[in-house]
Every structure is written in C-alpha cells, then in structure tokens.
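Enquirer: Generate coordinates for the entire structure from the input sequences, incorporating the hints supplied.
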Amino acid sequence: MAWALMQPQELNALGLRLRVRNADEEKHAWSGLMASAQRGDAVAYRRLLSEVRTWLRRYYAGRLPPAMIDDVIQETLIAIHEKRQTYDPARPFSAWLSVIARYKWIDALRTMKARHTETLHADVAVPDHEEAVTSAWSLERLLEQIKPAQSEVIRLVKLQGLSIAEASAATGQSAPLVKVNIHRGLKRLASLLRGELDAD
Amino acid sequence: MRTDPLIDRLTHDLKPVRRRTTLTDAGILAGLGGIELGLFLAMGFSRSDMPMAMHLPSFWWKLASLGLIALVSGIVAVVSFDPMNSPRRGLRWIIALIAACLSIGWILDASRDGAAMLLMRLDWQDGVQCLYKMVGLSVPAVITLGLLMHRGAPTDRDGTALAAGLAAAAWGAFVFVFACPVDDPLYVAVWYSLGCGAVTLLARLALPPLTRW
Numbered sequence: 001m002a003w004a005l006m007q008p009q010e011l012n013a014l015g016l017r018l019r020v021r022n023a024d025e026e027k028h029a030w031s032g033l034m035a036s037a038q039r040g041d042a043v044a045y046r047r048l049l050s051e052v053r054t055w056l057r058r059y060y061a062g063r064l065p066p067a068m069i070d071d072v073i074q075e076t077l078i079a080i081h082e083k084r085q086t087y088d089p090a091r092p093f094s095a096w097l098s099v100i101a102r103y104k105w106i107d108a109l110r111t112m113k114a115r116h117t118e119t120l121h122a123d124v125a126v127p128d129h130e131e132a133v134t135s136a137w138s139l140e141r142l143l144e145q146i147k148p149a150q151s152e153v154i155r156l157v158k159l160q161g162l163s164i165a166e167a168s169a170a171t172g173q174s175a176p177l178v179k180v181n182i183h184r185g186l187k188r189l190a191s192l193l194r195g196e197l198d199a200d
Numbered sequence: 001m002r003t004d005p006l007i008d009r010l011t012h013d014l015k016p017v018r019r020r021t022t023l024t025d026a027g028i029l030a031g032l033g034g035i036e037l038g039l040f041l042a043m044g045f046s047r048s049d050m051p052m053a054m055h056l057p058s059f060w061w062k063l064a065s066l067g068l069i070a071l072v073s074g075i076v077a078v079v080s081f082d083p084m085n086s087p088r089r090g091l092r093w094i095i096a097l098i099a100a101c102l103s104i105g106w107i108l109d110a111s112r113d114g115a116a117m118l119l120m121r122l123d124w125q126d127g128v129q130c131l132y133k134m135v136g137l138s139v140p141a142v143i144t145l146g147l148l149m150h151r152g153a154p155t156d157r158d159g160t161a162l163a164a165g166l167a168a169a170a171w172g173a174f175v176f177v178f179a180c181p182v183d184d185p186l187y188v189a190v191w192y193s194l195g196c197g198a199v200t201l202l203a204r205l206a207l208p209p210l211t212r213w
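Sequence order for the protein chains is Z and U.
When we follow the numbering used here, the leftmost residue of the first sequence carries the number 1, and every step to the right adds one.
When we follow the numbering used here, the leftmost residue of the second sequence carries the number 1, and every step to the right adds one.
Honestly, the hints are just simulated from the structure, not real lab data.
On a predicted model such as this, the values are computed, not experimentally measured, just so you know.
All residues carry an ideal CB built from backbone N, CA and C; glycine is no exception.
Treat the hints loosely; a few may be bogus.
Computed list of chain Z residues with no C-beta within reach of chain U, every gap over 12 Å [claimed, not checked]:
#1 G32
#2 A35
#3 V43
#4 P65
#5 I78
#6 P89
#7 M112
#8 E140
#9 R141
#10 L143
#11 Q145
#12 A149
#13 G172
#14 I182
#15 R184
Here are the simulated distance ranges between beta carbons [stated by the list, open to error]:
#16 U:P209 - Z:A67: 36 to 46 Å
#17 U:H150 - Z:T171: 39 to 49 Å
#18 Z:R141 - U:I143: 21 to 31 Å
#19 U:I28 - Z:R91: 17 to 27 Å
#20 U:I28 - Z:G172: 36 to 46 Å
Expert: Here it is as structure tokens:
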C-alpha cells in the first residue's frame, strides 16, 4: 500500500487533511439536516441535535466552569430550536451555530454575576481537572484585559467565593465599590467577547 | 445523557417552519408604514397649508431627514434580526446621519432672525403637543419591530433595540411632518429630538428583556 511507504511527516499531514475533510463534510451535512428539519423532518433533526450537542460540549469545555456546561448546552439547544426559522440553508450551518453558541456563552457569563458562589475546600475530591484547568486558563486570559481593580474583586468574589465584605477588607476597596467593580468588570468581559464576535 | 429527554421533546411532533428572510420583514414593515401613512392622510390630519409649505426648504429638510433616518435605522434593525449580523456598524452610520441632518437644520436656521425670538420660536405649548403625537404615531412601528425582533434572533439585543427604537421614532416623526404646521428648524431640532429620544429610550429599555431568547 502507498501509505506504508510514506514518511511519518507525510502520514501526519495526510491524517490532518483527512480530519479537516471529515469535519467539512460533517458541517456540510449539518446544513442539509437543518434544511430538512425546517421542513419538519424529525429524524434529521434528532440526528442534527445529537451531533450538535457533542460539538457544543467541546465548545463550552474551554470556556465555562464544568458545572455550568450541561445547563448552557440545554439552553443553546432550546435556542436553536426556537430560532431555527432564522437559518438560511444557503449559508454554512456551522457559522450560524457558532454565533448562537457564542451568544449563549456571553449570556451565561452575564448570569454568573447574579449567581451565589460557595468557597471550595481543598479536600473535596474531584475526578478530573482537565476542563476546569482549560476554563480557568481561558477566563484568566480574559481577566487580564480588564482593569486590575475589577479583575481582583471578580477573582475574589466570583471565583474564590469570598463575600463582598471579605473582598472589601482584602482589597481596601469599599463594599459599594467592590459591587460596582464586579458589575462593570463582568459587563466589560461580555463586551470584550462581543467585540471578538464582531471581529469574527 | 442529561440532554436526551430535551432532544426527545424538541423533535417530538416537529412542525415545518416558515423561513425568516430580511426581505419578508422589510416588506411587512413597509406595508405597515404605508397603511399608517395612508390612514393618517385619509383621515384629514394633513396640515391645511400644505401647498405653501411645499415651497419651504425647511419642510423638505424635515421630511427628507426623518424619512432617511427611518429608512436607514429600519434597514439596520431588520438586518440585525439575523443572528449573524451585528447592528453596531449601522448604528454608527445612523448617528452620523442624525448629526448631518441637525447640521443642515442649523445652517438653515442661521439665515433667520437672532436669538431674541428664541423662547417664542420654541413655543413650548405646541411643542409638548407635537411630542405626544409623535410618540403615539411611533407606537405601531415599535410594536411591529418588537414582534419581528422576537421572531428573529438578534445576538446583540441592546444594539438592535436601539436601531429599532430609532427607526420607530423617526417613522412616527416622519408621519407627523404631514400634520405639523411649524417648519422652524430650531423648533424641529428641539421638539422632534425630544420626541424621537423618548421613543428610542423606551424601545432601548423595553425591547431587550421582551425579546430575550
């Protein structure tokens, strides 16, 4: 066989090309499945949603805390269902899916500010840290782009679970200022994400 | 998986959907606008001195400016109902257009009398009446744009709501031009800006939570 005579670099390049081609074919198939779903084909729609669910899990794994991922996937699937009339089969489904996934991601980050957080103890056993580490890296990269006073209180209150009073004592900011900085910081993060969307 | 029951529910008894297109939405808006304007004129609300007003540059400035702002804002709003389109660049164009319209009004005004007549020219009693009539005439457009926005999938709801508010406000003011007997650019700049500002603010505050998806 020809591939048996190939060098390792050539095999790697071939593998990459095949993976890209498979991904392209999969995304092309999604456009057809969605067009069928718009015509009322439930079988095509079920297959599409099942495949999209896997894609969404990978997409959110690097962007959200693991505990939130299932909820956001559900919300995104509902959004896809409710807005399926806005998909134009003449355009790539993956682009349409990406903007909806990103919209729901920004929405999830916004709701984080209203969500109560608990302090995590070091002795709590967790089976796998990979997703958490990836999310933390992604979040850390975003936090570097906002004002230090804002990122500091977001880290303390939203990530480490300190109360407003504790964060106030730790940073020297007044309690109302801590609240304002959290609010403005999260708003700025959402705006940064939206800016990336516009750039895309 | 946790999402299996959800997928079962979403695919159960799936109905075909009518695809949303920008042209359909634009057609609905244009149709509604035509009906509102036709009814307004047919009911005799048009100003009595219309033939004379049509010779005044300020009348045409008022009509053309508001018509253009309504048209551009409406296009920006409808285009942004598609999740893949952002309204931000369009909003910058609308702001530039409003600034250009007001500048032209100021140039027209500069050729008139001095500041001594200022209070009289502002005529606050008529102005307040103009304001609430403009707001009333904008309501059908706000509701229609809100419904179309709800049916669409805007990914920047704040920006889209702003564009929709500007479009509805400018449309209400455009229709009101046919009834408003005042052509003074200063009066128009002040009271029309207040009326349009109120409708835009209302739409900007009300539409994002109502069209959340």
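Enquirer: Taking the hints in turn, state whether each one holds.
Expert: Hints, one by one, checked against the model:
| no. | hint | result |
| --- | --- | --- |
| 1 | G32 | 15 Å, holds |
| 2 | A35 | 9 Å, violated |
| 3 | V43 | 8 Å, violated |
| 4 | P65 | 16 Å, holds |
| 5 | I78 | 7 Å, violated |
| 6 | P89 | 8 Å, violated |
| 7 | M112 | 17 Å, holds |
| 8 | E140 | 25 Å, holds |
| 9 | R141 | 22 Å, holds |
| 10 | L143 | 23 Å, holds |
| 11 | Q145 | 19 Å, holds |
| 12 | A149 | 25 Å, holds |
| 13 | G172 | 33 Å, holds |
| 14 | I182 | 20 Å, holds |
| 15 | R184 | 16 Å, holds |
| 16 | U:P209 - Z:A67: 36 to 46 Å | 26 Å, violated |
| 17 | U:H150 - Z:T171: 39 to 49 Å | 42 Å, holds |
| 18 | Z:R141 - U:I143: 21 to 31 Å | 43 Å, violated |
| 19 | U:I28 - Z:R91: 17 to 27 Å | 22 Å, holds |
| 20 | U:I28 - Z:G172: 36 to 46 Å | 56 Å, violated |
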